[in-house]
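Chemist: Sequence:
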Amino acid sequence: MEKNISDLAVLMRQVFQSVTQSSGQSGLFNQYAESDRDLDIAAAAEIRRNNLLSYIAGFVTVPRILVLGEAPGYDGCRFSGVPFTSEYELLNHDFWKNRPILQSSVRAGGHTERSARVVWELMGPVMERVFMWNVVPHHPWKRSVRPRRKFNNRTPTLPERERFTSVLAQLVELLQPLCVLPFGKHALNATREILPQVLTIALQHPSPRHGGEAIFRKQMPDVIAQLRRLELL
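Going by our numbering, the first residue of the sequence shown is number 2, and it counts up by one from there.
Check each hint, because a few of them may be wrong.
Claimed, not checked - With a Cα cut of at most 20 angstroms, we get these calculated EDC-like pairs of lysine to aspartate or glutamate: (1) Lys186 x Glu214; (2) Lys143 x Glu35; (3) Lys219 x Glu122; (4) Lys143 x Asp37; (5) Lys219 x Glu194; (6) Lys143 x Asp39; (7) Lys98 x Glu122.
Said to hold, decoys possible - DEER-style ranges, computed between Cβ atoms: (8) Ile57 x Asp95: 16 to 26 angstroms; (9) Ser7 x Asn93: 40 to 50 angstroms; (10) Glu232 x Gln171: 25 to 35 angstroms; (11) Asp223 x Gln18: 22 to 32 angstroms; (12) Lys98 x Ala10: 13 to 23 angstroms; (13) Arg38 x Glu232: 19 to 29 angstroms; (14) Arg229 x Gly59: 41 to 51 angstroms; (15) Lys143 x Arg164: 17 to 27 angstroms; (16) Asp223 x Gln177: 37 to 47 angstroms.
Hints were generated in silico from the structure; no laboratory data involved. Where a beta carbon is used, it is the ideal one built from N, C-alpha and C, also for glycine.
Please build the complete structure, drawing on both the sequences and the hints.
Modeler: Structural data, given as structure tokens:
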């Protein structure tokens, strides 16, 4: 068990070192290796790396449930370094107490993301039993001549998703999940490709856009109850 968690930390360091490639008017921002002088404090990338490693080190047992998203959001993992988590959760949720967690943004009080708030509200009691990750671990954003427009999200392209398939495959090999909870269609497609035989419970992405949050709120209590019946929680 200790070896698995150690190997997981090694895999994360590979993600940290992955070179961000951009093309045209779009790009990926590697929040673990890059920083922005307008948005981040000094040593922000190092802070985000340490936040993710602290998340991993906090597991007492290897999590066997994988929560899989599409990519980091600009108000969430882009600044926290932890999937489906904003700086608000790092600074306020009991899960993070007594951990060496720091804020990386210049915003007073940190960034807060609606999707992250919903995930932690509904899944907080079981967070020690699940591992959260994204198909694309770096933040996809649209380039603009206006610097503040870095506050945006976009859907990662197929080549971007394929680029990190090997990382996801290695993560699966280490965790050997008994169940995957994909949030949204791209996460579901990746799950079907890499883990076709593993129990998969697809959920709506908790984004407030297009009613996603409302659907997710209805789904999640039933999913947690199902996992408890299966003795996975």
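Chemist: All hints, please: hold or fail.
Modeler: Hints and how they fare:
Taking the CA atoms of Lys186 and Glu214, the gap is about 15 angstroms. The hint holds against a cut of 20 angstroms. Note on Lys143 and Glu35: the hinted pairing holds, with a Cα-Cα distance of about 16 angstroms set against a maximum of 20 angstroms. A distance of roughly 13 angstroms separates the Cα atoms of Lys219 and Glu122; the hinted pair therefore holds under the 20 angstroms criterion. Among the hinted pairs, Lys143 with Asp37 is consistent with the structure: their alpha-carbon atoms are about 15 angstroms apart, no more than 20 angstroms.
The straight-line distance between the Cα atoms of Lys219 and Glu194 is roughly 27 angstroms, outside the 20 angstroms bound, and the hint therefore fails. Under the criterion of a C-alpha separation no larger than 20 angstroms, the hint pairing Lys143 with Asp39 is consistent with the structure, at around 17 angstroms. For the suggested pair Lys98 and Glu122, the alpha carbons sit about 16 angstroms apart, so the restraint of at most 20 angstroms is met. Remark: the range hint 16 to 26 angstroms for Ile57 to Asp95 is upheld by a beta-carbon distance near 19 angstroms.
In this structure, Ser7 and Asn93 break the distance hint of 40 to 50 angstroms, their C-beta atoms being roughly 29 angstroms apart. A beta carbon spacing of about 27 angstroms between Glu232 and Gln171 agrees with the range 25 to 35 angstroms that was offered as a hint. Separated by about 40 angstroms at the C-beta atoms, Asp223 and Gln18 break the suggested range of 22 to 32 angstroms. A beta carbon spacing of about 21 angstroms between Lys98 and Ala10 agrees with the range 13 to 23 angstroms that was offered as a hint.
Here the CB-CB span from Arg38 to Glu232 is close to 50 angstroms, at odds with the stated 19 to 29 angstroms. One distance hint, 41 to 51 angstroms for the beta-carbon pair Arg229 and Gly59, is violated here, with the actual separation near 22 angstroms. A hinted range of 17 to 27 angstroms for the beta carbons of Lys143 and Arg164 is consistent with their spacing of about 18 angstroms. The hinted window of 37 to 47 angstroms between Asp223 and Gln177 is violated, with their beta carbons roughly 25 angstroms apart.
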